[in-house]
Amino acid sequence: MSSQPTPAAAPSAAATPDAAHYVRIVDVSKKFGDFTAVDHVSLDIRRGEIFCLLGGSGSGKTTLLRMLAGFETPTTGRIEIEGQDLSRVPPYERPVNMMFQSYALFPHMSVEKNVAFGLEQEHLGRDAIRRQVGEILEIVKMSGYGARKPHQLSGGQRQRVALARALVKRPKLLLLDEPLAALDKKLREHTQFELLNIQQRLGVTFIVVTHDQEEAMTLGTRLGVMNHGRIVQVGTPSDIYESPATRFVADFIGSVNMFAGEVCANGADGLCIRSADLGCTVRAERAAGGAHGATVWTAIRPEKVQISRTPPEGAEAAGGENLVAGAVKEIAYMGDTSIYLVRLDSGSMLRVTLPNVLRGAERPIAREERVWLSWHGSSPVVLTE
Amino acid sequence: MRTRGWFARIALVLGLVFLYVPIVSMIVFSFNNSRLVTVWDAAHSPTLRWYGVLVHNEQILTAAWLSIRIAVTAASAAVVLGTLAGVALARFGAFRGRLLLAGMVTAPIVMPEVITGLSLLLLFVAMAQLVGWPRGVGAVTIALAHITFCMAYVTVVVQSRLAGFDESLEEAAMDLGARPLKVFFRITLPLILPAIASGWLLAFTLSWDDLVITQFVAGPGSSTLPMVVFSKVRFGVTPDVNALATILVLLVAAGIGISTVWMRYQQRRRERDLQLAAAANL
Amino acid sequence: MAVRLSQVMGRRLIAGIPTLWLLVLFLIPFIIVFRISFSEVRLAIPPYTPLINWHHGAPHLEVHWSAYSFLFTDPLYVSSYLYSLKVAAVSTLCCLLIGYPMAYAIARTGDATRPLLLMLIVLPFWTSFLLRVYAWIGLLKNNGVINNVLLSLGVVHHPLALIQTDFAVYIGIVYSYLPFMILPLYANLEKHDPALLEAAADLGARPWRAFVGVTLPQSLPGIAAGSLLVFIPAVGEYVIPTLLGRTDQLMIGRVLSDEFFENRDWPVASAVAILILLFLIVPILLLQRVERRQMEAGQ
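Chains as they are written, first to last, in the numbering used here: chain P, 1 to 385; chain L, 1 to 282; chain S, 1 to 299.
Be aware that a few hints might be false.
[Claimed, not checked] BS3-like cross-link-like pairs, simulated, lysine-lysine; straight-line CA separation at most 25 Å: (1) P/113 - P/149; (2) P/149 - L/182; (3) L/182 - P/113.
[Unchecked claim] From the derived model, a few chain L residues whose C-beta atoms are all more than 12 Å from chain P: (4) 14; (5) 16; (6) 34; (7) 48; (8) 131; (9) 143; (10) 168; (11) 262.
[To be verified] Cβ-Cβ distance ranges computed for the label pairs, FRET-style: (12) S/263 - L/69: 38 to 44 Å; (13) S/46 - L/182: 48 to 54 Å; (14) L/61 - S/42: 39 to 45 Å; (15) L/274 - P/306: 52 to 58 Å.
Since the hints were made in silico from the structure, they are not lab data. Keep in mind the model is a prediction, meaning the values are calculated, not measured. C-beta atoms are modelled at their ideal positions from N, C-alpha and C, and glycine is treated no differently.
Generate coordinates for the entire structure from the input sequences, incorporating the hints supplied.
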């Protein structure tokens, strides 16, 4: 199993092996009784990156994080940082720190004491501790709050203290468990950018666990999507969004229109798929080969579909490929975009999002209006599993 | 809504009257001059006569002193054992022997006292036969018995306090480099200190107050205060017991009153802090 | 959790010490009681026959059923058991009827007065149990406070026989155990979402219907916990019936104590204890289940 190539193995990795294999998770599994929480996961994390583990509840992402922190011992496999096997090292001896989802600030200690706690365990001198605590509080912009107790802080302030406390020991790896989940929406956006800022300043490697795809997309340099204890896909946010590897990933990240079909031609200009559900032939220019007659799924993002009252020009020339007609059933106005649900002639529903570019533009498309939907040949993603 | 609200409120008032009438009547009659206790001797009352009798009653004073010593010992030992059990039950997950410990630790709370008392005495007799210890029943065996049923209460108090606390606090301490023992003393113990304190007070009160179990495991010359009081009141009402009860009630009321005021003060400070924090929100 | 030898040892110690203590001072004593209940009384030290006799070097198990058969043949014991169960059941019911509205009222009062009310409920519990029972002697006796008041008001012409009756025992038990009923009920009722009653009213339920249909079913765990906390110790109650109760009908706790201290019959006392436990084992297990559930729900 450990010989299986990791999907993350980018070509540049070979040049600087140390940086590319900074953290190695090798064939790690975790079982709780009969239940397999993490199932043979192998993953390499690069030095200095923000790696986001994204998945629903029960996907195993939190268990994986807790194994990295040392709160759980892997049933099989090993975890290395800079080549050192940490699988059996207790949490208090690991060069890894964690920011807890609940922040876990010690309620009986002041902000300063909370942040100093980790340094005190290293038996640093009093002056050194005070200096380092001061520095890190400065970085998270909490300098004036050292004497406060956690219950005297707002949610955003607590989050900063938790971050400072985890960063003050300059860990080789910082684990963040749903770092923004407890904040309200406005604050979350602001904090997100600040987190990126601090990470770049200190150069610490981050592993973030989240169930929020938006958070994962904006924070992560790379994402690992987890499902049923396995890593389903690893890649940059745009890799994962534009080229999902499986139906699960396509469906989990963003919204998607997915239709089953059969491969009817496999030429130089891409794959040709006939879909009865969709009621047209799809030409996918950027799809790799597929056996003639094989059942596949085509995934098309809603924002990649054009909507018009008349058939687009040149549609006839393409022989009706990537073109369907239907009637608008629902329109949801979202402010920046509008979502159109269109019932195709085949009976299926197709979802289209359009940006509301102009204010009070020409007569907008209305409900029950008949429309033509088309997309570029580069848009469809063909999935076999 | 309205009618039921009134019904419950009236029931509450009547219930509280029910709870306090006996105590108040006991206090009032402790100042009565008459030996006939319930007949108010208006000519010579109120008087502190029975308080005078009480403080010169050698038997009661000796018994009270013994009860205090036993209660302090039992409460202190019960706090140690109960905290260990509470930590194990709240924090160790499913370990071998958990069911045994959980079952045994709560059982003494509901067990009829006569059974606990009988079984403990029979144990002490059997132990004396087998290992020659304890040599006889007395203060030591009373303390051992009291520790056993008091630790159950401490366990429950500590366990529920720990259950209310996020386990990630301890994990965070460990993550920051503190070893398990240090985590316990720097994080867990300070957090459960209020629970331990109230557990100690509860254990002290239960030990101080226990009669039935004590009667089984006490020997000649080791009469606790409840034993002395019981033997006095079994044959009727005696006015100096009224005086004793009054002193105890006033002590407890004062203690609880002070702690309530203190807790309210803390609560109010906490609320003010929260408002400040909310005002300073980003 | 990372597995480490020192850590495993530490955990074993933490769980092991209280377990060992309870094994020696709680479980083993019961085994001894169980064992002695199958002995016969004899005039010796200890005053019962050994369970295992040595005949020509071989162990010989000697089981006597005499203590148990004695309990079932003498009507004194059977009636004491039944009487104890009746007293405990009636007292529990009274506690529930008095305690439920009180707990309900406390749960519905404002945040400002609620701590004060709770303190008033708990305060008697912190004062001596024995002295609180004693206080009722002063109230209930023939020339006690209640009779004096009734006589002086002319309501009665002869003092009522209040003390040494079933009524006095009920009063004593209800009085002593009422906080044990109110507190779990309050803990349950306090958690109820007031929006549920509003929803019921909104859907057309009158207050009484809303109470029966919404509040009461939800408070069943509290009712169960409170009732068991009163019933179980009440069955074995010793002090209250001794001070306030009848002299012609004893409760089983008193019988046990008398067998042991007055008759010095250890096997019979042990057999009485075992049979009390048999009666109580189901309620005790039930209580532990209710409490475990509540603890889990609380988490």
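Going down the list of hints, with the structure as the test:
1. Taking the CA atoms of residue 113 of chain P and residue 149 of chain P, the gap is about 9 Å. The hint holds against a cut of 25 Å.
2. A threshold of 25 Å between alpha carbons decides the hint, and for residue 149 of chain P with residue 182 of chain L the separation of about 21 Å falls inside it, so the pair holds.
3. As the CA atoms of residue 182 of chain L and residue 113 of chain P are separated by approximately 15 Å, the hinted pair is consistent with the 25 Å bound.
4. Distance to chain P confirms residue 14 of chain L as a non-interface residue, since its nearest Cβ pair spans about 40 Å, more than 12 Å.
5. Residue-level check passed: residue 16 of chain L sits 34 Å from the nearest beta carbon of chain P, beyond 12 Å.
6. Distance to chain P confirms residue 34 of chain L as a non-interface residue, since its nearest Cβ pair spans about 55 Å, more than 12 Å.
7. Listed as a non-interface residue, residue 48 of chain L keeps its Cβ farther than 12 Å from every Cβ of chain P; the least gap is roughly 46 Å.
8. Residue 131 of chain L, annotated as away from the interface, keeps every beta carbon of chain P farther than 12 Å; the closest lies near 41 Å.
9. At roughly 33 Å from the closest C-beta of chain P, the C-beta of residue 143 of chain L stays outside 12 Å, upholding its exclusion from the interface.
10. Look at residue 168 of chain L: its CB is around 4 Å from the nearest CB on chain P, not clear of 12 Å, so calling it non-interface is violated.
11. No beta-carbon of chain P is positioned within 12 Å of the beta-carbon of residue 262 of chain L; the least distance is around 17 Å.
12. The given range of 38 to 44 Å is broken by residue 263 of chain S and residue 69 of chain L, whose C-beta atoms sit roughly 33 Å from each other.
13. In this structure the hint that residue 46 of chain S and residue 182 of chain L lie 48 to 54 Å apart at CB holds, the actual value being about 50 Å.
14. Checked against the given bound of 39 to 45 Å, the beta carbons of residue 61 of chain L and residue 42 of chain S, roughly 42 Å apart, stay inside it.
15. Against the hinted window of 52 to 58 Å, the Cβ-Cβ separation of residue 274 of chain L and residue 306 of chain P comes to about 53 Å, which satisfies the hint.
Checked against the numbered hints listed earlier, the structure breaks hints 10 and 12; every other hint is satisfied.
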